[in-house]
Amino acid sequence: MTWLVPLPVVMPLIGAALTLLLVGRPRAQRWVSITVLTATVAVAALLLVRSSLGGPLVVEVGGWAAPMGIVLVADQLAALMLVVSAAVTLCVLVYSIGQGMADGNEETPLSVYHPTYLVLTAGVCNAFLSGDLFNLYVGFEILLVASYVLLTLGSTETRIRAGTTYVVVSLLSSVLFLVAIGLVYASTGTLNLAQLVDRLDALPDDLRLVLQGMLLLAFGIKAAVFPLSAWLPDSYPTAPAPVTAVFAGLLTKVGVYAIIRTETLLFPGGRTADLLLVVAALTMVVGILGAVAQSDIKRLLSFTLVSHIGYMLFGVGLTTTLGLSAAIFYVVHHITIQTTLFLAAGLIERRGGSTALDRLGGLARLSPLLAVLFFVPALNLAGIPPFSGFLGKLGLVQAGVADGGVLAWGLVAGGLLTSLLTLYAIARVWNLAFWRAPHPEMPEADDPARAARTDGAEQPHEDSEPAGAALPRLMIGSTAALVALGLALTVVAGPLFDISTDAADHLLRRAPYVEAVFPDGAP
Amino acid sequence: MNPNLIYVLVVGVLFAAGITLLLERSLTRVLMGVILLGNGANLLLLTGGRAGGPPIVGTTDEADMADPLPQAMVLTAIVITLGMTAFLLALAYRSWHLNGHDEVQDDVEDRRIMELADRDEGPGTADADTVRELAADPTEPMPVTGARGSAT
Numbered sequence: 002m003t004w005l006v007p008l009p010v011v012m013p014l015i016g017a018a019l020t021l022l023l024v025g026r027p028r029a030q031r032w033v034s035i036t037v038l039t040a041t042v043a044v045a046a047l048l049l050v051r052s053s054l055g056g057p058l059v060v061e062v063g064g065w066a067a068p069m070g071i072v073l074v075a076d077q078l079a080a081l082m083l084v085v086s087a088a089v090t091l092c093v094l095v096y097s098i099g100q101g102m103a104d105g106n107e108e109t110p111l112s113v114y115h116p117t118y119l120v121l122t123a124g125v126c127n128a129f130l131s132g133d134l135f136n137l138y139v140g141f142e143i144l145l146v147a148s149y150v151l152l153t154l155g156s157t158e159t160r161i162r163a164g165t166t167y168v169v170v171s172l173l174s175s176v177l178f179l180v181a182i183g184l185v186y187a188s189t190g191t192l193n194l195a196q197l198v199d200r201l202d203a204l205p206d207d208l209r210l211v212l213q214g215m216l217l218l219a220f221g222i223k224a225a226v227f228p229l230s231a232w233l234p235d236s237y238p239t240a241p242a243p244v245t246a247v248f249a250g251l252l253t254k255v256g257v258y259a260i261i262r263t264e265t266l267l268f269p270g271g272r273t274a275d276l277l278l279v280v281a282a283l284t285m286v287v288g289i290l291g292a293v294a295q296s297d298i299k300r301l302l303s304f305t306l307v308s309h310i311g312y313m314l315f316g317v318g319l320t321t322t323l324g325l326s327a328a329i330f331y332v333v334h335h336i337t338i339q340t341t342l343f344l345a346a347g348l349i350e351r352r353g354g355s356t357a358l359d360r361l362g363g364l365a366r367l368s369p370l371l372a373v374l375f376f377v378p379a380l381n382l383a384g385i386p387p388f389s390g391f392l393g394k395l396g397l398v399q400a401g402v403a404d405g406g407v408l409a410w411g412l413v414a415g416g417l418l419t420s421l422l423t424l425y426a427i428a429r430v431w432n433l434a435f436w437r438a439p440h441p442e443m444p445e446a447d448d449p450a451r452a453a454r455t456d457g458a459e460q461p462h463e464d465s466e467p468a469g470a471a472l473p474r475l476m477i478g479s480t481a482a483l484v485a486l487g488l489a490l491t492v493v494a495g496p497l498f499d500i501s502t503d504a505a506d507h508l509l510r511r512a513p514y515v516e517a518v519f520p521d522g523a524p
Numbered sequence: 018m019n020p021n022l023i024y025v026l027v028v029g030v031l032f033a034a035g036i037t038l039l040l041e042r043s044l045t046r047v048l049m050g051v052i053l054l055g056n057g058a059n060l061l062l063l064t065g066g067r068a069g070g071p072p073i074v075g076t077t078d079e080a081d082m083a084d085p086l087p088q089a090m091v092l093t094a095i096v097i098t099l100g101m102t103a104f105l106l107a108l109a110y111r112s113w114h115l116n117g118h119d120e121v122q123d124d125v126e127d128r129r130i131m132e133l134a135d136r137d138e139g140p141g142t143a144d145a146d147t148v149r150e151l152a153a154d155p156t157e158p159m160p161v162t163g164a165r166g167s168a169t
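Residue numbers (my numbering), protein chains in the order written: chain A, 2 to 524; chain B, 18 to 169.
So here's chain A without its partners, still in its complex pose (with noise of 0.2 Å):
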């Protein structure tokens, strides 16, 4: 069964070379993408399957032995981190197939999109399967690169100036994690992570305190923690809906997978948990304000990102079973909520004619299907019962009380404070757009001759429609596939909380991992 490990970077590669081949026919594109995507959701489920029940899953990349070369591991964390990542991707492919952005057109053209997208996806994967630090690194590349080409899609003023900052800041965390491989080389000898759980060991203490700290810097900018979170509201909204949404769901994730395998694997013993919890707080707090003074719906949300990344990092920084077992609940939570909430979002900004809160309103009347699609998850996302968000907020929360100690009920009181604050940014934006009168200039009732032109992939779409097209099918089925997703969540969360439970008890433990690796003992 290892033969199933690269095939979830392998098949998008693939498939985004085919789509390259296959430029200016849009149908066979489309097709290649969700058959390699859907694709991919399988073999992730049956990865999931098989790490649960047979421990970790270890494949040597050309049949080149473990320290030689690459390893890739599927364990219980990255094949769960696998099969929700590959859903939402497959989610956002429908819904931007809907929005016919695939299509040329001014706003976001371009037969690019989807081997780019692909490329996107490989990159995630590769991020959570990989076995070396320097092929981590890789697959960190991928995936950015991907999105500096999906961000300034269309290269319009607004995405080249969002764009720019981006890329800069993405680059220059880049720049830091390699220098903090050369580091680690330099002081070990190797980057194979199961090898460097002993090699890190024996290191001198001051050592390891530097190599950790330059690790987190690195991925502290990729997940958006808070002093080095300013990058991502002024990045992330300018993008089309279905790319912000993708990126909301994904890459700082991808960030917080890294940092949750390198402090339990390769730095355990907490030297930094005082300080997670420290910038968990911070970010909570100071991310959800932001997102209270926000009058964009999509900044508002990206705002929320950055501020419910806090909560993974306070389970990560209590490094307990129960800690780390919430944060990672927690993280398949947010990816699928957060993604939702983005694609209804756009769907707002379809509706609507704008996202701006002062230009919405009277939504719950004019499209009470649309209101319903935002609501639940919206509710989700604050973490009011019996959502999926309160199950992970609960955990959390417990998690905290038990460890006791003053920095953990900081964290717990500012957990339920962010949690408060974000039912008060949501209701706003819920009483602006959806509840008060429909603003004189929005656009009436549904036109359904509109209607009948936009639904269905098959014809050709315009993304730049005007204000108050009627939403196509596809977007909304595929929105509403995530809100039911995110409800399943909660229906299937004790078999999750399980599933994570028994993940973080063995990253807490290391030698499955490291066994795994190298069963006759490492070199």
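Be careful, since some hints might not be right.
The following residues of chain A were derived to be distant from chain B, with all beta-carbon distances above 10 Å [what the hints assert, rightly or not]:
no. : residue
1   : Leu184
2   : Pro238
3   : Asp503
4   : Arg510
5   : Arg511
To be clear about the criterion: a stretch of chain B counts as covered by chain A if any three or more of its residues have a C-beta under 8 Å from a C-beta of chain A, and this derived list gives those stretches [claimed, not checked]:
no. : region
6   : 68-79
7   : 90-100
FYI, nobody ran anything at the bench for these hints, they're computed from the structure. Since the model is a prediction, treat every value here as computed from it, not as a measurement. In this text, a Cβ means the ideal position worked out from N, Cα and C, and glycines have one as well.
Based on the hints, put chain B in the right spot on chain A.
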């Protein structure tokens, strides 16, 4: 092994110069900064391995071989830096094409929200909305009959 001091100094100078340039507004200078930073990081990677003869069995004794791995990593990193340089150049060119300059602009929305804060107004708040409605003629009918008024 002890890294060569000159190497380390060069890396330091490259990083310092790169970061200084990175703080500039002009995208072309930022690009220069990125290139310098990239080169600095590559040199740093290179100092991480043992120096020596070509790592080919039969040509060099195993004890005298250079460590080939950092060189392989540097090659990868150079390729990535090359691609990024091309992309940044394209961005700078496009920015110049659109605006006539390549300066990185402030975020417009940020500035707007700061102005709102200066005037002590909330962002698109219900308050501002209510005020507007109160100021309007009360006999004027609501824009849409049967809809709720302002939620607050």
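Structure-based check of all given hints:
1. Leu184: Since the minimum Cβ distance to chain B is about 7 Å, A/Leu184 lies within 10 Å and the statement is violated.
2. Pro238: violated, 8 Å
3. Asp503: Its Cβ never comes within 10 Å of chain B, the nearest being 34 Å, so this holds.
4. Arg510: holds, 29 Å
5. Arg511: Per Cβ check, A/Arg511 is outside 10 Å of chain B; nearest 24 Å; holds.
6. 68-79: Violated: only 0 residues of the region 68-79 of chain B have a Cβ under 8 Å from chain A.
7. 90-100: holds (count 5)
The structure is inconsistent with the numbered hints 1, 2 and 6, although it conforms to all the rest.
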